[in-house]
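Protein chains in written order, with the numbering used here: chain A, 1 to 360; chain H, 1 to 360; chain W, 1 to 360; chain D, 1 to 360.
What the hints contain is simulated information worked out from the structure, not anything from laboratory work.
There's no promise every hint is true.
One copy or two, either will do: identical chains are not told apart, so a pair holds if it fits within one copy or between any two.
Straight-line C-alpha distance at most 16 Å; calculated EDC-like pairs for lysine to aspartate or glutamate [stated by the list, open to error]:
1. 317 x 265
2. 142 x 38
3. 201 x 38
4. 59 x 151
5. 201 x 72
There are 4 protein chains.
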Amino acid sequence: MGNTFGHLFRITTFGESHGKGVGVIVDGCPPQLALSEDDIQPELDRRRPGQSKIVTPRKEADRVEILSGTFEGKTLGTPIAMVVHNQDQRSEAYTEMATKFRPSHADYTYQEKYGHRAWPGGGRTSARETIGRVAAGAVAKKLLKERFGVEILSYVQQVQKLIAQVNPDKVKLKEVEANIMRCPDAAMAEKMIKLVERVRKQGNSVGGLIGCVARGVPVGWGDPVFDRLEADLAKAMLSLPASKGFDIGSGFDGVTLTGLDHNDEFRSRRGKVRTTTNRSGGVQGGISNGEAIYFRVAFKPTATVLVEQDTIDINHKNTKLKARGRHDPCVLPRAVPMVEAMTALVLIDHALRHQAQCGG
Amino acid sequence: MGNTFGHLFRITTFGESHGKGVGVIVDGCPPQLALSEDDIQPELDRRRPGQSKIVTPRKEADRVEILSGTFEGKTLGTPIAMVVHNQDQRSEAYTEMATKFRPSHADYTYQEKYGHRAWPGGGRTSARETIGRVAAGAVAKKLLKERFGVEILSYVQQVQKLIAQVNPDKVKLKEVEANIMRCPDAAMAEKMIKLVERVRKQGNSVGGLIGCVARGVPVGWGDPVFDRLEADLAKAMLSLPASKGFDIGSGFDGVTLTGLDHNDEFRSRRGKVRTTTNRSGGVQGGISNGEAIYFRVAFKPTATVLVEQDTIDINHKNTKLKARGRHDPCVLPRAVPMVEAMTALVLIDHALRHQAQCGG
Amino acid sequence: MGNTFGHLFRITTFGESHGKGVGVIVDGCPPQLALSEDDIQPELDRRRPGQSKIVTPRKEADRVEILSGTFEGKTLGTPIAMVVHNQDQRSEAYTEMATKFRPSHADYTYQEKYGHRAWPGGGRTSARETIGRVAAGAVAKKLLKERFGVEILSYVQQVQKLIAQVNPDKVKLKEVEANIMRCPDAAMAEKMIKLVERVRKQGNSVGGLIGCVARGVPVGWGDPVFDRLEADLAKAMLSLPASKGFDIGSGFDGVTLTGLDHNDEFRSRRGKVRTTTNRSGGVQGGISNGEAIYFRVAFKPTATVLVEQDTIDINHKNTKLKARGRHDPCVLPRAVPMVEAMTALVLIDHALRHQAQCGG
Amino acid sequence: MGNTFGHLFRITTFGESHGKGVGVIVDGCPPQLALSEDDIQPELDRRRPGQSKIVTPRKEADRVEILSGTFEGKTLGTPIAMVVHNQDQRSEAYTEMATKFRPSHADYTYQEKYGHRAWPGGGRTSARETIGRVAAGAVAKKLLKERFGVEILSYVQQVQKLIAQVNPDKVKLKEVEANIMRCPDAAMAEKMIKLVERVRKQGNSVGGLIGCVARGVPVGWGDPVFDRLEADLAKAMLSLPASKGFDIGSGFDGVTLTGLDHNDEFRSRRGKVRTTTNRSGGVQGGISNGEAIYFRVAFKPTATVLVEQDTIDINHKNTKLKARGRHDPCVLPRAVPMVEAMTALVLIDHALRHQAQCGG
């Protein structure tokens with residue numbers, strides 16, 4: 001029962017890595033939105049393996065098909081089902097995975113929880129699971145843009161100790177997509193790419209931070225006390241594979257300030273209310289305040305490394321495992337569209353909730 | 001609709017700071033648990049204002065009354081309603097708040113969202129709202145301890161730049177409660193207390209980090225893909241007032257490691273599976289792996305400071321505001337039981353979910 | 001977890017018959033609705049025992065208190081908690097109930113399910129549980145009337161074989177409240193009252209049908225495929241104590257017609273679309289069509305009768321039980337406000353859902 | 001957001017009649033259940049058009065494909081996605097439906113609610129929508145049978161005024177499947193079939209009642225106060241296309257009895273508790289009592305008749321419409337598996353809920 005996200009714009013995903021397909025049902029999408037596969041596919045292409053030399057080389061076309069919910073190019077208000085059929089289903093390379101648990105993967109916990117596990121390609125624990133999220137997120141992004149004027153942009157902000165300079169109020173999609181790292185700081189992006197290439201050759205991997213900003217969110221979205229905007233964003237981000245942390249606005253760094261230094265003062269200029277600083281990250285008391293919403297997500301280094309490690313097998317005997325073949329030295333560029341998708345899903349849900357309770 | 005938390009052990013809270021009372025309904029609590037006010041009150045006392053010189057001096061007894069859900073000292077399996085009647089309802093000290101928005105508080109966003117606001121004492125945005133959570137959390141903690149052998153412990157880990165040394169595998173409740181800071185590192189606690197006293201005299205405030213550990217959680221709790229254990233914990237923590245960040249296991253620090261250095265290797269000893277390190281923080285693929293679950297929550301410095309600041313009024317005119325009277329220089333000691341409560345609520349919910357789907 | 005009803009206008013009830021109190025939290029109520037106890041109390045008075053010679057003589061004032069969610073007489077958009085403290089808590093008259101199960105009551109099933117039971121007054125299975133529903137329903141009714149122009153009216157339609165003539169398009173509240181039976185057919189009401197008096201003297205009880213109509217519902221409320229308007233109404237009605245059936249429009253009687261005779265033809269007159277008949281009962285495909293929504297609810301005769309019956313005790317030994325003292329010969333007049341309340345809760349929820357997805 | 005049903009065994013359906021496909025995701029199914037398309041297809045075949053001379057002649061193979069959630073023939077505990085691709089997508093026969101609303105269909109309400117409508121074949125309002133329910137119900141039925149020993153059986157009980165004699169305690173699947181009417185009273189089935197053939201030739205249609213019984217349900221399933229077993233069953237049944245009523249146990253007929261005559265007395269025989277009668281229909285206080293759960297569902301006559309009728313067009317102009325080609329004179333035999341499916345979905349959900357709260 002953990003495969004549904006959202007209350008009013010509600011998605012349910014399905015699919016294992018080497019099963020027949022992966023996908024999603026979107027329930028609650030408003031009617032009359034122009035929508036076709038052409039709106040979805042570009043986001044999936046940003047998520048796709050094999051898109052550059054710094055991500056996993058696995059080749060998958062990941063062509064999305066809309067099975068329902070649209071008619072003559074527009075949404076019906078009925079559930080939108082989207083499917084991507086799996087192609088690259090060779091499981092031979094992985095047979096050792098049938099009996100041995102990869103360290104810091106979910107093989108062990110799935111086996112213990114369910115007593116049965118789709119080991120080829122990691123099954124449901126594979127990052128292929130996020131295809132459904134990204135497809136649904138593409139619908140949410142389009143709605144947010146067309147009906148609410150909201151833009152969501154995410155980018156690689158840090159790889160290991162390499163930290164990019166990014167201004168969340170000004171960063172542009174073009175800058176993000178200008179390099180394969182999806183880091184809008186071009187100079188730093190180059191260093192990051194070199195770092196990843198070096199690590200890749202060692203069969204090793206890196207982690208880092210992804211930043212995200214939502215601009216144009218009006219005052220009033222968010223549902224205290226439990227469904228605060230930042231609470232739902234935190235859940236959304238921590239539901240992504242390999243994520244280990246989230247902070248919003250001043251976040252972890254803000255704890256070193258005093259209250260006086262941290263507070264965002266209000267100013268009104270020509271009838272428009274703004275804060276002079278934005279340490280709140282665009283959310284106060286769980287509700288958007290009209291400023292840019294920005295936050296960071298920490299991703300651990302990918303667990304698959306091409307080096308022999310200690311582990312146990314399915315009978316709980318000690319053994320060793322060395323992953324072979326393809327590995328993903330840096331999940332960050334592909335995680336960028338995932339973060340955007342989850343952000344869009346949170347925001348559209350709260351947009352509709354606000355419309356329900358407060359009339360828009 | 002944002003005032004309910006949990007799926008199977010489901011709580012709904014209510015109440016404004018200066019209304020008649022605050023409280024909670026717990027729905028889904030298993031029957032036959034011994035339960036009385038004596039199980040709840042101690043946790044509320046840990047949350048209560050006025051408990052020490054480093055927290056807000058507001059005086060409130062916060063006596064809890066169980067209205068339903070128990071009979072002859074045991075839970076019935078029916079909803080448990082708990083109420084704390086408000087006493088300290090003088091709102092004179094706050095009248096300026098009726099028309100002026102406190103910087104970095106939720107006055108502005110509530111007013112804009114709902115068009116109507118209980119300004120005395122901050123209304124629903126007051127930390128009094130957490131009374132219901134802590135009361136419900138006390139029930140959850142008792143269930144977790146008695147029926148599942150799970151212990152939850154939270155503590156102040158950092159105040160501004162003062163960082164305590166805490167071993168999440170070994171820290172004890174006695175150590176946490178040994179000082180008014182609720183920091184188990186006694187030497188550091190003393191420094192923290194001095195820092196807060198200094199800041200308090202300046203009418204200023206500090207933020208910091210709270211650490212939390214859950215020990216004894218069996219393998220298998222957590223519901224991928226969206227309701228991963230860490231995702232629900234992140235949401236729970238970011239739903240707390242003043243929280244700005246969450247990380248689990250290696251968290252934000254882990255992003256500087258390589259995959260090889262970060263991975264937790266499995267070892268089996270006398271039939272018992274353990275990981276040799278615990279950078280995962282006790283959760284892999286969204287499911288508990290039997291190791292200690294530990295995480296951190298970042299709290300910004302309290303927004304109320306006794307210094308004049310720029311702000312706007314209810315008509316969006318620029319003005320100035322200086323908070324008067326009592327303020328809370330450091331929310332951390334009182335936030336410790338809140339973090340424990342929310343952790344308990346997440347864990348008991350997943351315990352019951354696991355029991356539902358996988359039979360216990 | 002079964003004590004919450006609704007998605008966007010969501011209520012959670014609590015309370016046992018002889019516990020400290022019963023009540024409800026309403027979450028999701030739009031802000032700025034004028035609301036005080038005076039809006040709630042009249043509905044509770046209609047539900048109250050002891051209001052006439054044909055219902056249970058138990059004396060209870062049932063004074064409601066609003067604990068939260070309003071400020072200066074208007075709703076805040078935050079949870080509205082309402083409590084009625086129990087007064088008449090003498091349980092002596094019932095001590096036999098501690099060990100013997102009343103036939104066709106829920107004593108046996110509660111005991112077996114939960115292993116523990118609040119036997120005085122039936123605990124949670126008492127009709128006192130509906131106080132929270134009626135209080136929440138009063139808020140919903142006010143919202144529906146003021147913001148959507150919807151009127152809900154329910155009435156006693158049948159007692160045993162005595163069937164009233166009621167036109168759902170025209171029946172008025174004044175006619176319903178004109179007699180203690182709440183049957184708008186005055187002549188039939190008189191017969192019904194005599195029947196109940198006769199049965200009451202025998203220590204026996206009767207059942208019957210309650211009719212309900214909602215007028216002014218616009219086209220478009222209802223959420224196929226599962227949350228059809230009639231599906232949610234059916235659930236709402238079958239969740240009422242003692243209810244055994246529900247039908248809408250032509251209902252059970254419509255099964256004898258052919259399709260041709262049953263269909264409601266559309267006609268447009270001066271731009272307004274109507275159906276020439278209304279066998280659909282105002283709902284087509286799960287969505288309101290602008291016609292009056294009308295339906296019936298079957299209530300079994302009250303289970304408590306003052307006659308000795310076979311039963312078992314808590315140890316599953318055969319025994320006999322004769323209820324003593326007060327009994328309720330006819331639950332129907334008091335069930336009228338319950339049916340209205342549940343109807344209002346379903347409708348307001350769908351009004352808000354429609355506003356969320358389709359913009360109002 | 002109305003396309004999800006259930007809390008712990010949760011299904012979400014999708015699909016329009018003439019879109020690419022219809023289907024369902026089942027989330028929350030326990031792991032390790034043997035499952036393949038062979039478990040699903042037979043139920044879909046019972047639901048399929050063209051199966052006999054008394055149902056719609058539309059030809060559809062309705063082959064189901066499981067896309068996810070199983071591995072090596074057993075469920076994984078992950079979402080089970082099932083799809084049936086649409087084949088018979090000729091929409092020419094229906095072009096008039098693009099602009100004219102069929103009386104007593106959902107064309108008008110969908111158009112008004114969503115402002116956009118998949119008119120070919122009725123789109124989402126087509127009975128094809130129930131394919132997903134029946135597929136999911138097949139999984140639920142298998143679980144109920146194998147893990148809980150529960151058997152669900154539904155049958156045609158009445159067509160117009162022809163009423164079958166059926167004993168819910170004894171009726172067998174073989175008897176139901178012995179004739180194309182799915183009426184276990186063989187003599188009455190023959191009369192029903194003749195009636196339907198006569199009506200079919202007139203281009204007309206009939207309605208009737210479907211009975212359903214669940215045997216082997218243990219004491220304790222059901223979640224008062226709102227999620228009573230009968231409340232969830234009522235919702236499930238009224239969510240089926242063309243259903244207009246539901247009653248359980250004595251139902252509408254029980255209102256003519258007195259309480260004394262209606263009550264089910266308890267008797268204990270050799271440690272086993274039974275009631276001597278079962279007017280409660282196996283549910284007391286919303287919780288199963290161990291007796292057979294039986295109820296009835298009223299279905300109106302199918303709205304499509306091959307006779308000209310008054311209606312309006314999409315511009316709200318008065319016009320006439322005569323359906324052409326194939327029509328379904330009696331939906332009842334095909335509704336039998338739908339009723340079973342929805343019953344199974346309700347019961348398995350409550351089985352898991354009981355396991356969660358009360359430990360099985």
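Hint check results:
1. 317 x 265: between (60 Å within a copy, 13 Å between copies)
2. 142 x 38: Within one copy only: 12 Å inside, 40 Å across.
3. 201 x 38: Neither: 36 Å inside a chain and 48 Å across chains, both beyond 16 Å.
4. 59 x 151: neither (30 Å within a copy, 46 Å between copies)
5. 201 x 72: So residue 201 and residue 72 fail the 16 Å test inside a copy (49 Å) and across (36 Å) alike.
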